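Going down the list, the sequences are from chains V and Z.
Under this note's numbering, the first residue of the first sequence carries the number 1391, and numbering increases by one thereafter.
Under this note's numbering, the first residue of the second sequence carries the number 505, and numbering increases by one thereafter.
Simulated from the structure, these hints should not be mistaken for lab results.
Because the structure is a prediction, the values reported are computed rather than measured.
Fair warning: there could be bad hints in the mix.
[As the list claims (entries may be wrong)] One side of the interface only, derived from the structure: several residues of chain V facing chain Z at Cβ under 10 Å:
1. LYS1397
2. GLY1455
3. GLN1456
4. LEU1457
5. ASP1522
6. ILE1523
7. VAL1690
8. VAL1692
9. GLU1694
10. PRO1775
11. ARG1777
12. ARG1778
13. LEU1788
14. GLU1791
[Claimed, not checked] From chain Z, some residues computed to sit far from chain V (all C-beta separations above 12 Å):
15. ILE560
16. LEU564
17. THR609
18. LEU618
19. ARG621
20. LEU728
Beta carbons are placed, not taken as given, at the ideal position from N, Cα and C, and that holds for glycine.
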Amino acid sequence: MIYETLKLALQAIRRNVLRSFLTLLGIVIGVGAVIAMVTIGNGTTAKIEEQMSKLGSNLLFVIPGQLGPRRASATAQPFDARDVDALRDQLRNVQAVAPVSSSSKTIVFGSENRSVTVIGTDNGYFTTQALDITDGRQFLDSELRGGQAVCLIGETVREKLFGSLNPVGATIRVDTVSCDVIGLLAAKGQSGFGQDQDDVVLMPLRTFQRRLAGNSDIGRIYVSAATKDETAKVQKDIEWLLRERRRITAGKDDDFAVADMQQIISAQTATTSSMTILLGAVAGVSLLVGGIGIMNIMLVSVTERTREIGIRLAIGATENQVLMQFLVEAVVLSLIGGVSGVVLGLGLAGTAVGLMRIPFILDADIVLLAFGFSALIGVVFGYFPARRAAHLNPIEALRHE
Amino acid sequence: MATDPPLIAFDAVTKSYGTGEALVHALAGVDLRIDEGEFVAIMGPSGSGKSTCMNIIGSLDTPSSGSYRFKGVDVGTLNRDQLALLRRHYLGFVFQGFNLLARTTAVENVELPLIYRGMRAAERRERALQALESVGLADRATHTPNELSGGQQQRVAIARAIVTDPYVLLADEPTGNVDTKTSVAIMELLARLNADRGITILMVTHEPDMAEYAQRIIQFRDGLIDSDARNGKVSA
Ligand SMILES: Nc1ncnc2c1ncn2[C@@H]1O[C@H](COP(=O)(O)OP(=O)(O)OP(=O)(O)O)[C@@H](O)[C@H]1O
Ligand SMILES: [Mg+2]
């Protein structure tokens, strides 16, 4: 009889192709969206963590304002060259200090042009960022001091602007400044946010300030401690020194932040995990909407189904036989929908993960949750109306309108 | 000599719908005996309680008061599953409004009661086709109800009712939607089922011509039996 029940259920599914299809669609979209979004969110978080930890644990970031979402507070005063000098001269156990200012500019070579991140800095940048030069050289002291128009370019810039040509020795225009290319940076790939870290141009800080920014501000400072163990102490020293320099009286909050990799990671992953939560919420809503769709379809078909139940009861089916058929029908639909949803979700996530070059992290809990929810919807909306109908007298069920 | 209890016995059966002003006595206290092998026609004006009576006999509905015994068993004491088994094994019902499953082929509709009897698929199909054949619809086996005329749907419903070889065939206006020629064919089929297989037949009809096929004619009026007579024209 189990076999017959399954057959009856499949028959009913087949006979109501449209209703079955719409029910499936609701489940598939809901489950698929949840799984895709959560998997992408998890991958992004993992990628950021991995990227950040690669940078080394003795690196400290010094930024104006506070860490986290309100970081770009306009009130925070930027740093200047004397802050950098003070850090370099007065701190002990420091391997390198790099001032950094950057903005997005258009660069031109021949007939090609491109919008890239232009970074003004000094040779400390190569040490702090563990950045290698594959061709050419670092900045000369004279170039740094004189603010000369020279630059190093990232791999993406080379590929897009120069193609097969050798960039070193060529001249490109950065915004309004003609700039000699003196070196090519080793490729670094994408950052955790999917940003291309090779789409950059490096130039001396002074050149950037004078000729592009038009001020002497320094956006942030990278400091790398001599060893990992000294990082915490160096961090304290920087805080003390900068409070002094920025005349922050005791009891007042810093208007700058010094953070190590770990703190940056947690700040960033907090951002991405709230993104994951947001994506999850969006997906949850689509699951809910899918559920409501299913409910609608089921309720609309209640009249017809109630009559069907009446007919079956009238020709000798027991209440349990009818209910088993409806239960199996709901379970089969939910299973097909759930499995397709999982496949769709993983497929979408796989594609997105490939495009964004983030790791594919499968969260089994979410898969189970989405699947369970779909099954629940299917069973609740498929089975319970049937249960009510099967409890009627056959004649009442047949008369249902 | 011990006599068997009648197949169907109604004692003061009533059925009422609604309350207060809207109270309707569809059946107002019916006493009725029907023996095995009878062919009974039930007649009467519209709204006189014929369908209500048939539904109660078919155990699709329950009386408001009074007792209904089937083969001596008080149907009122049976639980829902026992009622389902009563319908499954003893009764065949042809509804006034066909009640076929939509989007389901004629042969699958006819097979349905056999599925619940646990019959194997091959045997089921064969018997369903035979039943369709006997109502003259062998060539429409794979048509769905919306591809069939009213009369054809009616005949599928009859095939579904007789495919199980029921003890009792309850037919509520089986010729209500068909032309005279088909009506006659259906009546001859019922008469044959009654004569050859000994199936007890209760049939509601408005047409005196059709009632002539029965051996006994019961007239309903206002929820009561108005007259109950042997059909003089049927030769013994
Ligand atoms: N579900 C119901 N609710 C309220 N009243 C009902 C219901 N079913 C039947 N009735 C009433 O009971 C009475 C008998 O109805 P029934 O269907 O038995 O008549 P009938 O003799 O079969 O008529 P017809 O020849 O038109 O089929 C009618 O007055 C009808 O209005
Ligand atoms: Mg009627």
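Each hint tested on the structure:
1. Below 10 Å, beta-carbon pairs count as interface contacts, and V:LYS1397 has one with chain Z at about 8 Å; its hint therefore holds.
2. For the restraint placing V:GLY1455 at the interface with chain Z, the shortest Cβ-Cβ distance is roughly 67 Å, beyond the 10 Å limit, so the hint is violated.
3. At a threshold of 10 Å, the smallest CB-CB gap from V:GLN1456 to chain Z is about 66 Å, leaving the interface hint violated.
4. Evaluation of the V:LEU1457 hint against chain Z yields a violated restraint, the C-beta minimum of about 64 Å exceeding 10 Å.
5. About 70 Å separates the beta-carbon of V:ASP1522 from the nearest beta-carbon of chain Z, more than 10 Å, and the hint is not met.
6. Because the beta carbon of V:ILE1523 sits about 73 Å from the nearest beta carbon in chain Z, more than 10 Å, this interface hint is broken.
7. Restraint check, V:VAL1690 versus chain Z: the minimum CB separation of about 14 Å is more than 10 Å; hint violated.
8. Hint status for V:VAL1692 relative to chain Z: violated, with the closest Cβ pair at about 14 Å, above 10 Å.
9. For V:GLU1694, the suggested interface contact is upheld, since its CB lies about 7 Å from the closest CB of chain Z, less than 10 Å.
10. The beta carbon of V:PRO1775 comes no nearer than 17 Å to any beta carbon in chain Z, farther than 10 Å, and the hint placing it at the interface is violated.
11. Hint status for V:ARG1777 relative to chain Z: violated, with the closest Cβ pair at about 13 Å, above 10 Å.
12. With 10 Å as the threshold, the beta carbon of V:ARG1778 stays out of range of chain Z, its nearest partner Cβ sitting at about 14 Å, so the hint is violated.
13. Contact between V:LEU1788 and chain Z, as hinted, is supported at the beta carbon level, the nearest pair being about 6 Å apart and thus within 10 Å.
14. Interface restraint check: V:GLU1791 against chain Z, minimum CB-CB distance 12 Å, threshold 10 Å, status violated.
15. Not every CB of chain V is more than 12 Å from the CB of Z:ILE560 (nearest about 9 Å), against its label as outside the interface.
16. Some Cβ of chain V comes within 12 Å of the Cβ of Z:LEU564; the nearest lies about 4 Å off, and the non-interface call is violated.
17. A beta-carbon of chain V is positioned within 12 Å of the beta-carbon of Z:THR609; the least distance is around 10 Å.
18. At roughly 9 Å, the least C-beta separation between Z:LEU618 and chain V is not larger than 12 Å, which violates its mark as non-interface.
19. The claim that Z:ARG621 is not at the interface with chain V is violated, since a C-beta of that chain comes within 12 Å of its own (minimum 7 Å).
20. Interface exclusion of Z:LEU728 from chain V stands, the closest Cβ pair being 21 Å apart, more than 12 Å.
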